[in-house]
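Visitor: Listed below, chain by chain, are the residues.
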Amino acid sequence: MRPFRYERATDAANAVALLARAPQAAFLGGGTNLVDLMKLDVARPELLVDVRRVTPRTIEQLPDGGVRIGAGVTNSDLAADPLIRRRYPVVAQAVLNGASTQLRNLATVGGNLLQRTRCLYFQDITTACNKREPGTGCSAIEGHNRDLAILGTSPDCIATNPSDLAVALAAMDATVQTIGPDGSRAIPLTELHRLPGSEPQHDNVLTHGELIMAVVLPPLPFATRSYYRKIRDRASYAFALVSVAAAIDLVDGQVRDVRIALGGVAPKPWRATRAEDLLRGGPVDEERLRRAAEAELADARPQADNAFKIPLARNAIVRTVLDLVEAAP
Amino acid sequence: MSTIAARVMGQALDRVEGADKVRGLAPYAFEHPVPEPAYLSAVRSTVAAGQITGIDCSRASAQSGVLAVLTYLNAPRVGTDDGELRILQSDQVAFRGQFVAAVIAETSEIARHAAGLVRVDYRPRPHDVELADAHGPDQLRVPQQIWPLFPIETDKGDVDAGLASAAIQLDETYRTPWYHHNPLEPHTTIACWTTEGVTLYVSTQYPAGVQHTVAEAFRLEPAQVRVRSPHVGGGFGAKLPRHSDVILAVMAAQLVAGRPVRFALTRHQMFSQTGYRSPTIQRVRLGADTDGRLVAVAHESVEQTSRLREFAEHATRATPTMYATPHLRTRQRLAALDLPSPTIMRAPGESTGLFALESALDELAIACGVDPVELRVRNEPAEHPLDGLPFSSRGLVGCLREGARRFGWQPRDATPRARRDNGWLVGTGMAASTYPAMQLPGTKVTIRATPDGRHIVSLAAVDIGTGTRTALAQVAADALRVDLDRVELRLGDTAYPPAAQEGGSAGISSWGATICAGADELRRRLSTEYGDTVPADGLEVTVDMPENQYLGRYVMHSFGAQFAEVRVHEETGEIRVPRQLGVYAVGRVVNPKTARSQLIGGMTMGLSMALHEASVLDPRYGHVVNHDLASYHISSNADVGAVEAYWIEEDDPYVNPMGTKGIGEIGIVGAAAAIANAVHHATGVRVRELPITCDKLLP
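Sequences listed follow chains A and B, in order. All you need for this note's numbering is the position in the first sequence, starting with 1, plus 15. All you need for this note's numbering is the position in the second sequence, starting with 1, plus 331.
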């Protein structure tokens, strides 16, 4: 671990200004991922700007029926919030499926969305990694890649995004509100993270100094019937091999709307729009679900160790949506 | 021999140091308060084999607070032939992750930062790190020695003819991966040189072993080395052999003589510095008649070792002890690779070997149409199948029957995939287990009786978290025929008489037998010299562990039966184990509370072995890449269902005066096979390579 400076931001504008002046600075939220990466010498910030006191820690209902979640809300508080649990159960379930109680008590919503991949090679500075050191090569493609991505990869990087929360938020069409050197903006959650292409070092579209202030969930009445299913190598405290966030709006047995997003399979939370489009306007049954899932996964490009994720994701999509339908009143 | 009367033994007492541990008052090695400590941080090689061509310490040395940088150019020469311990003695690199330099500094943060600034250049040479079927006989060798008591390879009858003539034949290969011990407390040392020698606080399972190793390496008399290990936070075998971290700490302390040096390995470093269980490739061939009676058993295992220190997992070890058969053969081969050395890990040999053998027995049961419990009963030997010696006690059949009864084994439809529950396939499985009942040499004990009725019992034994401090005091109380509060047990310090290691499930048996001998000697002297009255200045006796006159006349083993219920999701392959049940024949149980913890701990480690644990080697680099507890999965609380451990009454007059057979290891043995067998019953899929993960069970 290298020596670094630490400053506590006085307000959001101050936080942005502090970072804008220092190219090797980083925002500090709960620190549950960043501090680990600093110990591993993967992250080498010269300045940490603590934003825990300047990012909102409240969850509030909006006039249009949506909900705004402050970026400083801890994962534990988010998962326990009655409004979230009632209106967007998939969000609370996703959070509770991640990490451990101790980590969730510290980790913030903003930090959760910006956590880095857990690719073993990214976290090991003695190996090559294009995300950590652009141009050095990807150790994972020819190495241990059982946990890594099958969709949206590039010849330079096959890392997965590890967030469970982001998968649920992607399914809900959440937006991220930021403040940065160029002012404020709203970014759809599905556009926050980027695919690696030839620049895997950039996980997301935020500019240096841009700070997430809140996540907004739009009103989505049928999300009261939503579910997060995570499949992993042990029953808790493991990243997803495959996860599915789903919500469905059934009218007279016909799919009026459906939301499906996948985790553990791609460098970003993977909104399964192709599957959704195939399901809308028809009945929901195992055969249609299977075809929709297969269409979504048609472009999957597995590595040596992770071809199993294709049938696993297909079956997980089918089972998650069927469970939602069968649990319906 | 008859066993001593149990008054305090058999009581389910709380750990005597439990409250201190809960309150953080029980100091572990690293935590001992020492004046002006310096801190050590190590630099590890980034090539798997080769030569150091240059080391630049200038940036590290220039850091404020850095006291010294150790490399092979300035390190003290050590007097040991053990290649694993001969660190910083030359420019050669024998495995990736080997210590090549270290920084001593005023704080651990400075030391760690400066260690990252040491630049080492290498001329790598091609490395060979993969244990594979491709290793032909030319690259494989028979191990030179096996940890105590066991023949390396065995032969009886004509196995090939037996196999060829058998009505039912089975020939399968089973694989187990690397495992790392991962005790919660990392390997830690404090070393301080004084004019008299060196004093160490070490997290170890064998204080006397550390004492002798350090004395040899640094050319001291053993009496000049004092090792203190009052509390140890787990070991599982990793802290039995001496590792290079202790050598490095003593070297560093020599460079800053007079100042204590604190050294704690990081979790990453524990994946290259403190040993591991070798992967195994095991071929099992069974021949049986149509009733399932074994005609021939052949078990071969290929394992890896390092080029520095030989260690054989010896997965074939238990096979000759298990079942009656006229024809038997075991074979054992090692590949020496450019890797760190494997070592003892909870039930070395038995836990890996019985995964293979007990999986094969399950396959045989199916092939013969015989119930798996009944199959094992049918093959129960009257005496040891290899040498014909009687067993001192053999409770396998009793465990099988009692386990089947408690588990509710019957009625059982043996058909795979026959039970479904709400999308989950349900199955049950079982396996047998065994572990040798041993006494390890090297123990002395001093007992001092005082006129006020106290008995101070001292030996350099160690409690690694198992409850030894409590159970051994119970043994001492009964040996001395006094109440527990009359016994003061002093452990964990080589200032006391030497004691054998805490390993081989033999701690209580070795140390307890010596305490019993000491109590006899104390009584004899009190009776013959002092008229049964303790003199005013007390009376002290010191004795060696007595020879067991029954060794070589009886074969001494614990046995057990493991049962498991599993649920496998039909569509995703997810695996849950709602229930494990084990019944054991382990002789006398000294403390039912701590014994139960040992047994369910072993079973949980067996669950972890079955479903989760595997160290993943990247052969290009030559190191384990999942080297942290986020990616090296150990069963979490949510994975562990009901775990029940029971034991049957067993009075074994031959093992030792307490009648104890050891309980630290048998709980893991067979547990993975029981789960694998249950997975087959649930799904019809036979997984012969651990761990059993969902991808192997996907439809």
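Since the hints were derived computationally from the structure, they do not count as laboratory data. Any given hint could turn out to be false.
Pairs of lysine to aspartate or glutamate, EDC-like flavour, derived with a Cα cap of 16 Å [claimed, not checked]:
| # | chain 1 | residue 1 | chain 2 | residue 2 |
| --- | --- | --- | --- | --- |
| 1 | B | Lys924 | B | Glu871 |
| 2 | B | Lys1027 | A | Asp320 |
| 3 | B | Lys924 | B | Asp345 |
| 4 | A | Lys54 | B | Asp959 |
| 5 | A | Lys54 | B | Asp744 |
| 6 | B | Lys775 | B | Glu871 |
Note that this is a predicted model, so its numbers are computed, not measured.
Visitor: Now tell me, hint by hint, if it's right for this structure.
Guide: Results of checking the hints against the structure:
A distance of roughly 32 Å separates the Cα atoms of lysine 924 of chain B and glutamate 871 of chain B; the hinted pair therefore is violated under the 16 Å criterion. Restraint check for lysine 1027 of chain B and aspartate 320 of chain A: satisfied, since their Cα atoms lie roughly 12 Å apart, inside the 16 Å limit. For the given pair, lysine 924 of chain B sits about 7 Å from aspartate 345 of chain B by alpha-carbon distance, which is consistent with the 16 Å threshold. Between the alpha carbons of lysine 54 of chain A and aspartate 959 of chain B the distance comes to roughly 13 Å, so the proposed pair stays at or under 16 Å and holds.
Taking the CA atoms of lysine 54 of chain A and aspartate 744 of chain B, the gap is near 54 Å; set against the 16 Å cutoff, the hint is violated. Note on lysine 775 of chain B and glutamate 871 of chain B: the hinted pairing holds, with a Cα-Cα distance of about 13 Å set against a maximum of 16 Å.
In terms of the numbered hints stated before, the structure departs from hints 1, 5, listed from lowest to highest.
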